[in-house]
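Following the hints, put chain H in place on chain E, whose structure we already have.
Number of protein chains: 2
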Amino acid sequence: MKLTSKNLSERTDTLYDAIIAGGGAGGLSAAIYLARYGLKCLVVEKGKGRSFWMQELRNYFGVDPTVPGRELQKHGMETALSWGADYLRAFVEDVTDRSDHLEVKVKVGKENSIYPVFKAKYLIAATGIIDILPKLENMQNVYDYAGFTLHVCMICDGFDMWDQKAILIVQKESQIEAAFVLSWFTPYITVLTHGLCEVSDAMKQKLKDHGYPLIETPIAQFLGENHHLQGVEFTDGTKIECTTGLINMGSIYHNHYLKGIPELTWEGENLVTDEFCQTTHPRIFAIGDLKKGVNQVSIAVADGTLAATKIWRIIRRSSSPRKWVEQLTA
Amino acid sequence: MKLTSKNLSERTDTLYDAIIAGGGAGGLSAAIYLARYGLKCLVVEKGKGRSFWMQELRNYFGVDPTVPGRELQKHGMETALSWGADYLRAFVEDVTDRSDHLEVKVKVGKENSIYPVFKAKYLIAATGIIDILPKLENMQNVYDYAGFTLHVCMICDGFDMWDQKAILIVQKESQIEAAFVLSWFTPYITVLTHGLCEVSDAMKQKLKDHGYPLIETPIAQFLGENHHLQGVEFTDGTKIECTTGLINMGSIYHNHYLKGIPELTWEGENLVTDEFCQTTHPRIFAIGDLKKGVNQVSIAVADGTLAATKIWRIIRRSSSPRKWVEQLTA
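Keeping their order, the protein sequence lines are chains E and H.
Quick note on numbering: the first sequence equals residues 1 to 330 in my numbering.
Quick note on numbering: the second sequence equals residues 1 to 330 in my numbering.
The shape of chain E in the complex, shown without the other chains (with noise of 0.2 Å):
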């Protein structure tokens, strides 16, 4: 069912088999599983992750390539309650190991929070990553074109860019490389780095063999109409033509609260996890773009399939085989 402040405190007490952080396409599908595999899960859902942000999947089997992400979201949160998984919007403040179930501390409602706790035999954390976009004066200008000709995935939308005029946008000189990759798709790039970081004579000696201009003045606004961007304008008053872009400036990954957890195992920012997305903590399990691979929607739904079976095997071998004798004595 769908939890409230008002109605919550109906599930403080309950011993979920497992609360998944993150409601996005990876939460979701586990959350599908675990509820068709009759366990007790709540999805904790903060809001506005990167698959809301999503306007089109243009790669997911089975989906048309026009959904925006928002609508898979809800159409997956309906299917979850559905089968009778808990949802609750909230944001996901601690994870405290209690030996034999684990405590999670969410806050719900930005104001007049309140701050209560939910237990549960396993957590599946699947809070996933922002990505960065560039800080503007006016953030409405970047909006404007971010997720739609503005792209943050190659993989997702460089099929969209091809042979088009693109801006690449950096922070640190490291994410230039991106463009020798995206020059799959198209080889009319320029570097963008917004003013943010230095670029060493090595690459800009490489992206002038490669006819790859750099601009390293800051972006004043983006140029065009309906999300269909046509340009840059620079804080020095300049503009350069272009039609789509990349932006490829890292990503903020949502784990804070799984920091205070010493047993688990990072690679940079994100968790290692075998094949069915286990941690090396025993009861916590990573899935989505959290863990280490590639970050698409299709992985992150594959994800939450096997975290959740990995659970209930899990669950349904410390419990005896129901016998049909008992329940006919029962």
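Don't read these hints as lab results, they were simulated from the structure.
Source: prediction; values computed, not measured.
For glycine and all other residues, C-beta sits at the position ideal for the given N, C-alpha and C.
Heads up, a few of these hints could be off.
What the hints assert, rightly or not - In silico EDC-like links for lysine to aspartate or glutamate, alpha-carbon gap of 20 Å or less:
(1) E:LYS48 - E:ASP13
(2) H:LYS74 - E:ASP64
(3) H:LYS323 - E:ASP201
(4) H:LYS310 - E:GLU177
(5) E:LYS323 - H:GLU177
(6) H:LYS105 - H:ASP13
(7) E:LYS323 - H:ASP209
(8) H:LYS323 - E:GLU241
(9) E:LYS105 - E:ASP94
(10) H:LYS323 - E:GLU177
(11) E:LYS323 - H:ASP160
(12) E:LYS119 - E:GLU93
(13) E:LYS310 - H:GLU177
(14) H:LYS239 - H:GLU216
(15) E:LYS310 - H:GLU275
(16) H:LYS40 - E:ASP163
As the list claims (entries may be wrong) - Distance windows between CB atoms, simulated:
(17) H:LYS2 - E:THR14: 50 to 56 Å
(18) E:THR14 - H:ASP236: 47 to 53 Å
(19) E:PRO68 - H:SER174: 44 to 50 Å
Then chain H, alone, in the frame of chain E:
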């Protein structure tokens, strides 16, 4: 484009980047990704695989639980075609390793068949499995229930059997072990061997201890109406009541065309692969039910993503980044 016996000669000189054997969920996911990476690919689909028979797909994030597999397949095929993939209705007969590429011989047409050969740098084996069904004189009687209330996958459909009177149909004693897993969903299990195997005294005792009746008489027919199972009649004229069931008689693997490739590593009939679904033959990938792992649509779809992405990386890294300068002076 859609190939037929009339136009396929336009493609027999093409060196495809990848040929995908099998147009189920995994194969079509791979085709969608490959096409969007700008790679040339051909899907060869024989028709009527496992996902074609799925009446409802209850666990796949983003798709209504009532959507049948054949509708998803059609949708995926149209999406792949729209991004530029080729598609041919045919049966993969044989694969020959020509060292720098593979030759894939297919059979087109059930009558007056032709046997064209296509060439590809990589092969994605996505031909999956098909469930063995009990053989009755009137097979239509089996098809009337199989995939509706007589299931073939416990992970997919255990939830829909909850606490119902269920039959478990096996053809080997070892397959009876599924009863002690199925009991998670319902303890009211009757095991049917359809007269196909001997059952040891130890197993008989174990079933007795759990209160699960064992019937070794062959099935005469399934009883019920509108795909809703109501019972089973046996060849000796006896009947039992049941409202659901699980067929656990094993699977037929569509992998004959790979048996001549000595570099492949098998575990039973499954191919062993790495984390990108690459087999131990560097030009051959295996995805979905054909590879070792959990047999679920979500997994096959992710496998397609991984195999296609790895093939793109290999091909991309073997070519130099495109230069803007070259393009301008070309």
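Hints, verified against the model:
1. E:LYS48 - E:ASP13: Violated: LYS48 (chain E) and ASP13 (chain E) sit about 29 Å apart, past 20 Å.
2. H:LYS74 - E:ASP64: Holds, at about 12 Å.
3. H:LYS323 - E:ASP201: holds, 19 Å
4. H:LYS310 - E:GLU177: holds, 19 Å
5. E:LYS323 - H:GLU177: holds, 14 Å
6. H:LYS105 - H:ASP13: OK: LYS105 (chain H) and ASP13 (chain H) at ~13 Å, within 20 Å.
7. E:LYS323 - H:ASP209: The hint holds at about 8 Å.
8. H:LYS323 - E:GLU241: holds, 18 Å
9. E:LYS105 - E:ASP94: holds, 5 Å
10. H:LYS323 - E:GLU177: holds, 14 Å
11. E:LYS323 - H:ASP160: holds, 19 Å
12. E:LYS119 - E:GLU93: holds, 14 Å
13. E:LYS310 - H:GLU177: holds, 19 Å
14. H:LYS239 - H:GLU216: Cα-Cα ~13 Å, so holds.
15. E:LYS310 - H:GLU275: Within the cut-off at roughly 18 Å; holds.
16. H:LYS40 - E:ASP163: Within the cut-off at roughly 17 Å; holds.
17. H:LYS2 - E:THR14: 50 to 56 Å: holds, 53 Å
18. E:THR14 - H:ASP236: 47 to 53 Å: 50 Å Cβ-Cβ, so the 47 to 53 Å window holds.
19. E:PRO68 - H:SER174: 44 to 50 Å: Because 48 Å falls inside the window, the suggested range holds.
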